[in-house]
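**Student:** Protein chains in written order, with my numbering: chain A, 13 to 493; chain B, 8 to 835.
No lab work stands behind these hints, which were simulated from the structure alone. Remember, predicted model here, so these are calculated numbers, not experimental data. Take the hints with a grain of salt, since some may be wrong.
Incomplete in silico selection of chain B near chain A, CB under 8 Å [as the list claims (entries may be wrong)]: (1) P45; (2) P51; (3) M142; (4) S143; (5) F224; (6) F275.
Beta carbons: idealized from backbone N, C-alpha and C, even for Gly.
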Amino acid sequence: MLTFWKNVLENSPDAYEKAVRARDAHIGAFLEFDPKRHLGNAPGEVASAEKHAVLAGLPFGVKDNIAVDGFRLSCGSRILENFTSPYHATAVQRLMQAGAVPVGKTNLDEFGMGSSTDNSALGSTTNPWNEEFVVGGSSGGSAAAVAAGLVPFALGSDTGGSVRQPASFCGVYGLKPTYGTVSRFGLVAYASSLDVIGALSSDIEVLQAVYDVISGADAFDQTSMDPEPIGRSSADASAEDVLGYRGKNPCLGVLKPDQLELTAEVSESYQDCLEGFRSLGYEIKEVSLSMLEYVAPVYYTIATAEASANLARYNGVRYGRRPDFAENPDELVRLSRDEGFGPEVKLRILLGTYVLRSGFQDQYYLRAQKIRTAIRKDFEACFGEVDMILTPTFPRQAFRHGGEDMSPFEQKQADKFTASANLAGVPALSFPAGVRQGLPVGMQLVAPAFGEARLLAAARDYATLYQPEFAPGYERPAGEQ
Amino acid sequence: MYQSFIGLEIHIQLATQTKIFCGCKAAFGDEPNSNICPVCMGYPGVLPVLNQEAMRMAYVVARTLNCTLSERSVFERKNYFYPDLPKNYQISQYEHPLGRDGFVDIEFHKKKRRVRIHEVHLEEDAGKMIHAGDMSLLDYNRAGTPLLEIVTEPDLEVGEEAEVLLQHFRRMVRYLGVCDGNMEEGSMRCDANVSVNLSGSGLGNKVEIKNLNSSRFVRKALNFEISRQKDILERGGTVVQETRLWNENRDVSEAMRTKESAHDYRYFPEPDLPPFITDDTFLQEVEKGLVELPVARRTRFIEDYGLSELQAEFLVDERSTADFFEQSISLGADPQSAASWLASDVKKLLNRRGESMGSSVLSPERFAELLRLLDEGRIHGKIAKQVLEEVFASDASPAAIIKAKGWEQITDPAELSAYISKVLEAHPNAVEQVRAGDAKPVGFLVGQVMKATSGRAEPQLLQELISSHLAVKVIHVLSFGGAISGVRREDGLIGPGELFDLRTEFAGDTGLPAELRLEEIQLVAFLSEEIAPADWAVLISEIARRIEDSEAAGIVVAHGTDTLAYTASLLYWFFGKARIPIILTASSVPNDSERGSEKPRSEAVANISAAVKRAAAGPAGVGVVYGAQEYSPLNLKFERVEEGADRAGVFRTWNEIEDPRSAGGSQASGAPASLALSNLPGPIYPAPGVEPTDRKAVQVALEEALSRCFIVKAFPGMRGDHLITLMKNGVRYFVLELYDTGTASVRETPYSLRAALQYGAANGVSFFCTSQQEAMVDFADYVTSHELWREGAVPMGRLTTESAFTRLIVAQLGSEDELEVQRIMEDQ
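Excised from the complex, chain A in its bound form:
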């Protein structure tokens, strides 16, 4: 399959384009698709390192809140509907330097705010496994594009689970790296202290290569850094040492399932999964994350506070949507924002403004920061005992469009497994753990900072037990004869 992807753009770009357009007519993964725009356009020197060779020639999708020069950067919002990016995000630029080609921009919940991609103002995306179900969000377009075989991998962004949750809904891998290891330059900020660019793929080796290429300090992002190896010794580079496991076998922390409010399917999958790891020789140890119940409120306090400032720049003055007429600059700003933002975005801006008011910060924002520190310590304590933590990615499988299975409030509550990793800044991976009732179930592995290699190694191990499935009808890549 990889051989196909490596050659498709060079050999038959037109056929590929046609096939993707045909397939995507049902899915709606892409907001903009043009595989030839950046073909042969690699900026700067093309990296020749062996480890990047796996990416050369691969087409990839980019969530439409990540900048690709010449493509639009709509963020799924009316306010940026016609905004074209004048620059590349660092992650995109590095992938292009490794020979990969961005072919289009994928749909998302407006500014990354949502768990279904139904909050996009510019298009609807449906789950390749069943069109009545959502793809998850906010990187739903990227997950759908990978699951539907439109691209071998796609970039997403993960603020509270936005890469991992749609990955689990669509049955693909989704990696949220350690905060800071991937430059955020070019990622439209939702909540800057939580945002991370991540990647989705159905191929774990591709995912590894993407991470290797996009990670590393960037002069354009002062919060970025080079990953530090957590292994005990780099001289004696046996796999065990590089991964830095505490014992001979990896030790996996698991949560008591009874208080996790999981659906029966997810609960069963979780049990199956930990038994599977046990059968692979992993040591299983029960751990508790005492702060888990605070994750959703803390996450929404911090994320919306930052969002209220991050989204202040969209005022119709310098770019983006603006009314045809305004009496004065104040009205121009008011109308632009009123007409340009959708209801979920407005809700979060208001919430963020509320929690930051002077006199109320102690009660909300500063308190949330304190709990965030406690959550980080919670994880640190766990990682003193175990090498990784296994949780479900989301308490349930994909839900139906329209919110009848799951209200927006329930959707927010359900972010606790994923958002906790964002609050702690640690890496996490959602991997396919099975299919139940015709829909995939994803499980999440969380590692200490810079433990991406552990996550990928464990997922590789698990793939020996369960090889991820494709949605019926999408077993072959688009355009493959």
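Since the structure of chain A is provided, determine the placement of chain B on it from the hints.
**Tutor:** Frame of chain A, contents of chain B only:
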């Protein structure tokens, strides 16, 4: 009684090459929206990257302001919507600014003040919105330029102090090279907080004033605001806590927004920038950025080079000037003459050519060479000025110019003596006349030598050589009115006359040196109480010419007693550094008053005789001789304290006042007290503006200066509005003679100085304060003194009214504007 409290928020645009968070050029005056990029325009997805140079400059300023430097400073987002702010939040610092708890020392009208610095923080500037007709235009070139905000504690009391502080800041940032300090162009900006309250009741309700685009506006706006708040409180009202805008066209502040509508900036830490942590390398860079500041440099210049405060002040005002000066010194230039040339002719030429020190064709090397040529006597002063102009005109070295133009003087005594011998041989009659005791032909003979050498004889050397050839010493006695040259008329009254014939009167005076040759010159015929500007102009120009042409070895001025204190101090301010003695003397009755009687003749003959001896013997400079006493020309008081037989004691000097500010007290011990000038201000001439040999120019300048000043003596029940009438008639400066150490009524009544001082402050009129008693005026002791200081009165320290007044006149001659006059007056 009310107290006022002023705190300032000073914004300084740091002069970095690029903006604070992106690589765009940080420049003023470029095409609108030409220095912008996605980062400073707040495009989606971009991130700030901190400019390390901005951080270094910021820490240098904080360090210079004696702040505690933060090892960890944190940027925060300050949220507010305004179209000129691209992200609609400003990246600033709040909880953890880079510097805290500093201080800066200032001085206004002799009152020193330590202004505490609350904090120093770095932030990004916004763009500019311009409203044009029915459109609003935006220029984002400025958006993202680094802006340093310095917040002071409310330690200032009056607008003038704020003005002084801003000038201090302007100079400081220019010295540090972090900003040009230009308030008009907005690279330095200021907001002010003002509150007024009853004395002892702490701070009042705070009003913030914005839109202060010059240090002058700051002063005006603050003083306006203080009196506005005082008025409200006096009427029993409450000051509303609000923000007001200064309207510079109407000279009033106008309400902008009240506290209720104030912004909630919703600060929170900037997640895109990690906290800034200082390390040793960075702190070393900061230390390297520190420079010797103007105040320290001024003190050093005074101590190391023996400069006056005013000279030092002029030199240190711009770093380039001070550097130029020190480079010249290191190349061997004499500090005194370098300082006076830089402050006068060099400055004048640079201004005329619109050039600046250090960037013109006049290098320190050329300047030092010019002074060396002058010092070696190879050129004289007049030629030196021409050479200087020629350096600018032809971009050549002084030595080359002198050679090319044939301007070099004859400084070799042997060579000059040859010319002199020839001239003396050619004019035996004149030589004979001189030998017989006449002084007049000496001037003729000097003129002949000059003619023979085509004007290249070095005048002083010529004067010395011809004196020694003829074995004479020429003293010119200038008769300048007064009883000393008066006559008693038939009706018994004393009227103007001619100075008596010195040769006859001195015939029996064996104490006079044999080589003395006196020349009497009748400058005017009047009584000295009748002096007009034209008369002083004659006196000044005649003395100046004699000094320049070396016509005499000394000058005696025969004067009246009544106005001697004025003329003596006037001549001191002008000629205090002359290289020949200039001695004033007087007599209170005419020489012939007792003629024919048995009684002793008046003191006139004795006084002139003593003055002539003093002029012949030196030392150089201005002095006063009366009776058996020599007096200092400054702070002379005509008091007729005790009339002895020799009339000694008619004059006193007020130089012995103890200065509480200088440790060690009276300076006069050892030296004759009356001559002790060491703690008094030095002469202020030469200064650019008027050529003292040009009688007409001096007259015009004196007339203008005199028509702008007035002496007023405080007295109980004085009406302040009478002074307002004078101000309306063009008086710009008062010498105000107060009681004791500087007190007078400033009560809220028409019969006090208050109205006059306030009107004066609003109209830029100065009040220089002296004492009616023999006291040091420093406004230190009394509540009324402090009120006078608050209203802008300037203490004159130990200067008497007469000396302050003549200083004021000379200060005007040498100044380009009223600010400079004020500076000269305060330089004591």
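**Student:** Take the hints in turn and mark each one as holding or not.
**Tutor:** Quick rundown of the hints versus the structure:
1. P45: Check passed: Cβ of B:P45 comes within 6 Å of chain A, closer than 8 Å.
2. P51: holds (4 Å)
3. M142: Result: violated, 10 Å to nearest chain A Cβ.
4. S143: holds (5 Å)
5. F224: violated (27 Å)
6. F275: holds (6 Å)
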